[in-house]
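Novice: Chains as they are written, first to last, in this note's numbering: chain A, 14 to 352; chain B, 14 to 352; chain C, 14 to 352; chain D, 14 to 352.
Be a bit skeptical, because a hint or two may be false.
As the list makes no split between identical chains, a pair holds if one copy fits it or if it spans any two.
Under the rule of at most 35 Å between Cα atoms (straight-line distance), these lysine-lysine pairs were calculated in the DSBU-like manner [to be verified]:
| no. | residue 1 | residue 2 |
| --- | --- | --- |
| 1 | Lys216 | Lys129 |
| 2 | Lys83 | Lys335 |
| 3 | Lys216 | Lys335 |
| 4 | Lys67 | Lys83 |
| 5 | Lys67 | Lys319 |
| 6 | Lys67 | Lys162 |
| 7 | Lys335 | Lys162 |
| 8 | Lys83 | Lys216 |
| 9 | Lys67 | Lys335 |
| 10 | Lys129 | Lys67 |
| 11 | Lys83 | Lys319 |
| 12 | Lys341 | Lys67 |
| 13 | Lys129 | Lys162 |
| 14 | Lys319 | Lys162 |
| 15 | Lys319 | Lys129 |
| 16 | Lys216 | Lys319 |
No lab work stands behind these hints, which were simulated from the structure alone.
Number of protein chains: 4
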Amino acid sequence: MIVAMHGEATEENIQQVIERMVELGFNVHRTTGAAQTILAGVGTPEHFEVAEFKVLAGVYDAYRISSPYKLAGRSFRPGGTTITFPNGVVVGGEEVVVMAGPCSVESREQILTSAKQVAAAGAKFLRGGAFKPRSSPYSFQGMGLDGLKLLREVSDETGLLVITEVMEISQIELMLPYIDCFQVGARNMQNFNLLRELGHVRKPVLMKRGIAATIEEVLLSAEYILSGGNYNLMLCERGIRTYETYTRNTMDISAIPVLKRLTHLPVLGDPSHGVGIRDLVPPMALASVAAGADGLLMEMHPNPDKAMSDGAQSLYPEQLQKLMAQLKLLAPVVNRMMA
Amino acid sequence: MIVAMHGEATEENIQQVIERMVELGFNVHRTTGAAQTILAGVGTPEHFEVAEFKVLAGVYDAYRISSPYKLAGRSFRPGGTTITFPNGVVVGGEEVVVMAGPCSVESREQILTSAKQVAAAGAKFLRGGAFKPRSSPYSFQGMGLDGLKLLREVSDETGLLVITEVMEISQIELMLPYIDCFQVGARNMQNFNLLRELGHVRKPVLMKRGIAATIEEVLLSAEYILSGGNYNLMLCERGIRTYETYTRNTMDISAIPVLKRLTHLPVLGDPSHGVGIRDLVPPMALASVAAGADGLLMEMHPNPDKAMSDGAQSLYPEQLQKLMAQLKLLAPVVNRMMA
Amino acid sequence: MIVAMHGEATEENIQQVIERMVELGFNVHRTTGAAQTILAGVGTPEHFEVAEFKVLAGVYDAYRISSPYKLAGRSFRPGGTTITFPNGVVVGGEEVVVMAGPCSVESREQILTSAKQVAAAGAKFLRGGAFKPRSSPYSFQGMGLDGLKLLREVSDETGLLVITEVMEISQIELMLPYIDCFQVGARNMQNFNLLRELGHVRKPVLMKRGIAATIEEVLLSAEYILSGGNYNLMLCERGIRTYETYTRNTMDISAIPVLKRLTHLPVLGDPSHGVGIRDLVPPMALASVAAGADGLLMEMHPNPDKAMSDGAQSLYPEQLQKLMAQLKLLAPVVNRMMA
Amino acid sequence: MIVAMHGEATEENIQQVIERMVELGFNVHRTTGAAQTILAGVGTPEHFEVAEFKVLAGVYDAYRISSPYKLAGRSFRPGGTTITFPNGVVVGGEEVVVMAGPCSVESREQILTSAKQVAAAGAKFLRGGAFKPRSSPYSFQGMGLDGLKLLREVSDETGLLVITEVMEISQIELMLPYIDCFQVGARNMQNFNLLRELGHVRKPVLMKRGIAATIEEVLLSAEYILSGGNYNLMLCERGIRTYETYTRNTMDISAIPVLKRLTHLPVLGDPSHGVGIRDLVPPMALASVAAGADGLLMEMHPNPDKAMSDGAQSLYPEQLQKLMAQLKLLAPVVNRMMA
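Could you put the whole structure together from the sequences, leaning on the hints where they help?
Specialist: Below, the structure is given as structure tokens:
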């Protein structure tokens, strides 16, 4: 940590800062300039809050000078993390992996048709919600366990992997037999108790960025899962909340290359939630891969105009098919491939 | 719902929209203007998503024309909700109620001293965290059950009520014997499973606005608790995330009078999290009450410079005392009082 | 400036940074810790960009450690700036000064009636736009010179001072004979050529915060005016753009006490633009003064329902009257007064 | 316009709204539902503010149901606008056009070297600032007229077109002999007087999105230029301000396909300002084109580490070269080409 003092700070102010730094476990190096004094704290105490120093008398500003996350940092695994799924699909490798399917599991027929269309298009995962976090208590809340069973059944039939959202600790056990990957939604990115439990599970997790989460907070939340011992973690940009209302969210495409620099974890893009408007999904999917995404998570519905949730952002099956063809051409431009 | 068609929409486009509206349960009234067609959907189907209509061919835009929340709306209880606590303290009435205390319970001595100072200043509730949601897994996570016991003990000793944060469904039972009011933190405002459970509890709840939650989302989350039967609910503005970084958050003071118009629920302000800087807390506390807040939730620590968390935004005991004196003078200016 | 190196930075990386610092005119003090190296640059070169250092190889982060503004800083005039107007009205002193009037000058009758009502309520300035910056070229663009003449005429009749917006350098000369204070609107806060010209004028200026301006940018824009020699400058918080759409903007009340700490310049609040909804203006005006504002700028119209612009946020005359009575009671609570 | 009344609105409330609508020139169609009344205003009065209706007694909400812009709308020129420059370069056609060069013109040697590198890489325009809008009055403000002359000279030598920023009406005349395209910077996107003047000029204009401008505001500002008769206008996404601080701005890539739907004007991306970090520029440039951009505006400097401004976001010449090669491969994937 570094503390820069104001030019007008008194020696007493400076001593108070030094004392507190020493008390926390820092060795303090002092630079006394003509204009102001700088205090460099060397060492890495377990607990300290930079904000605490910012309000001490005579302090101009204080700076943390190292990442607050460790296991999530790129230097922990410079070569990058790859996650291998039961059927051999690898996320984080050369291949760009696509996960697609409806927002919610609605019926056997709907999810089976979806799975067939998703598989036909060349995607590797079927997505679909069985437990749905809905802003309103009056919206459709998902089929629960029945939905999980249907997901498993149709995926086995079509050779797809299953990814679905977990909202609550008690659902983890319930879900384990039916799924290949847990999805943590944006609203739960800082549900720390849930993250901690997922750190103890032996199934991969895809964690979405919270709607107002900074890049650093994403990596700190990742740290909760990693520090429990579960290293099979993927991150996912899905749009942040800004003042612009034309799109549902503002998809921060730059978060993809930023995360690729800062962490070894695979990074996916979710253009469906990123923009919320069907026809904008293909250009944003292409942009995600052009920017370096390891994969995509997208909503597709056999009949989006009748979907029980998120129909507006669900692709028609033929849109997905066309997009997959473009993605196959795009991947090699950025040194990736799609099978 | 209303759907405004584009000027260039075809009759086929219009018919498709009408059919879907009818299918969902609307009666449709059509106005054919020279410039464009307007379709007014009369009736209130349970489930429909306005977004679905926005992407239909030929649609200019679609509008929901009623609140998605019911129980939280002002018209449900035009006179406003008042919550009466065991010792007779009333929130939502004429009195402006202050809740104060440290961010975390750290030790018996710390919380006892805090309680005495809080009571001496004239506050009615002791706040203090036993379970702490921290961005980093390496930060202090709270004393847990021991913290709860200490909170109860020192509050009984000083005649204060206890408010503390609940993060997880499994903590509800654990907390019940020790507390007077559950606090739902900003990060859990859309933890819908937790909200639903709190709807079944018979203790008051204070729910904070999420860091990027719209006013409408606050009220929809309130609806989760109310629809479970727990009407003893308070809302709390605690700052939202914006591009400005000088303050920890940007406290949206206007949310206080806005919420007072839209809902019957009491509304408090939390200037400590709102700004994150100790010396800015008193002006923002005064602003909150000037704008109509029913109460305040604030951090105070006997020795903020040594606090284990949030020291930078914790008031010194003498600051709280001085602020309370100002609040007593301010309250009558806005037709309120402080005992 | 301080540069913190990554733990993995090579000696070559470190030397490159040192060389560039020296080249810019810094004396460099080096602290070599076990974990990382810290380079403190002592001295104050005229031109340097911290961002440049952030992208050098091996750099963890770089920090400016002094304000980029000088004349606007509190330490330049610790006692604060007061601005005395021709008729003896002082802004920045003990008195809370109110400026009110319609959004636009619409006609002689409208502005005369406004002026009488504003004066009767006890405000000291008449506001009203003659040149209007409108998002759409099809909206009413103001009466221009005729509006200026009317403003002067009715203000002389009622003993009020005139404040009105300047949008363009060529308008400055035109306005000088008619006005007492220039207003720089939010959209022009970074129109640097205009600011520079206003620095050479000998009339006070009120500069509004831009809709997405940081506190630091506000003070840098102030520096443009101050460095031209015009010290009669007031700042004004008028709401920033956030994701919340219920209000027109989100009024950042905390910017008021923050600016009072950072600068010696008087700070006003504009709750009309801050919220955009008439009935929310009084609570936000009270909140502004409770938080330390030196004055208020508000829209009032004799007949807001027929206003040519901004009617929705213009107070009825009787609302202004009632609000002024409350403000008079509030001012002493925060050690201010209103005549 | 449509006005939806509250369920509790009285007949008197409804009549007041109808009267005001009629007064403004609307024909009103009334739908009286069991739950609420809906008033559809047919017709297109010149001046009206939807906000005015939102605050009338008994109103639930009011909606504008047509675009406030006309000439900028897609339907005005469904085939899209193409702009042909003197040397035959076309923007808005099949080709993706690249404009590159340093942030500022610094010297004859610097800008000549830049021009040669830009031309060698295959870009068609040389960018470079002669007049610089800088947040601080103490930063380098540009070479002015001398810079313009140098831009022209080296562009003629290398066969490039010149694009440079105009900040002030008085600069327009000065610039005309030297440049091929005016650039309006983000800070001037709502400098309406400047826009109006540029509407009367017979040279193309590239207008950047303001840092907090909505898509609708971009198009309304475009309308100022178009309504003056200048149809040779390009728009440019350059990042918006959000809470995320890792990047300089958050580049809203989705604005590119959104604008392509809403307007006939060509749309470019400026990844340099979008992210502010050199190594993130190539992925964001690729993402822009993948999402449908008609061109790119980027900063490149022969020696970015010594640049007088924006060095951190300026590409090294070899980075530009490599990026151009990738762009050539990418363009056909989205049905475009690069010569």
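Novice: For a quick check of understanding: which of the numbered hints are violated here, in increasing order?
Specialist: none
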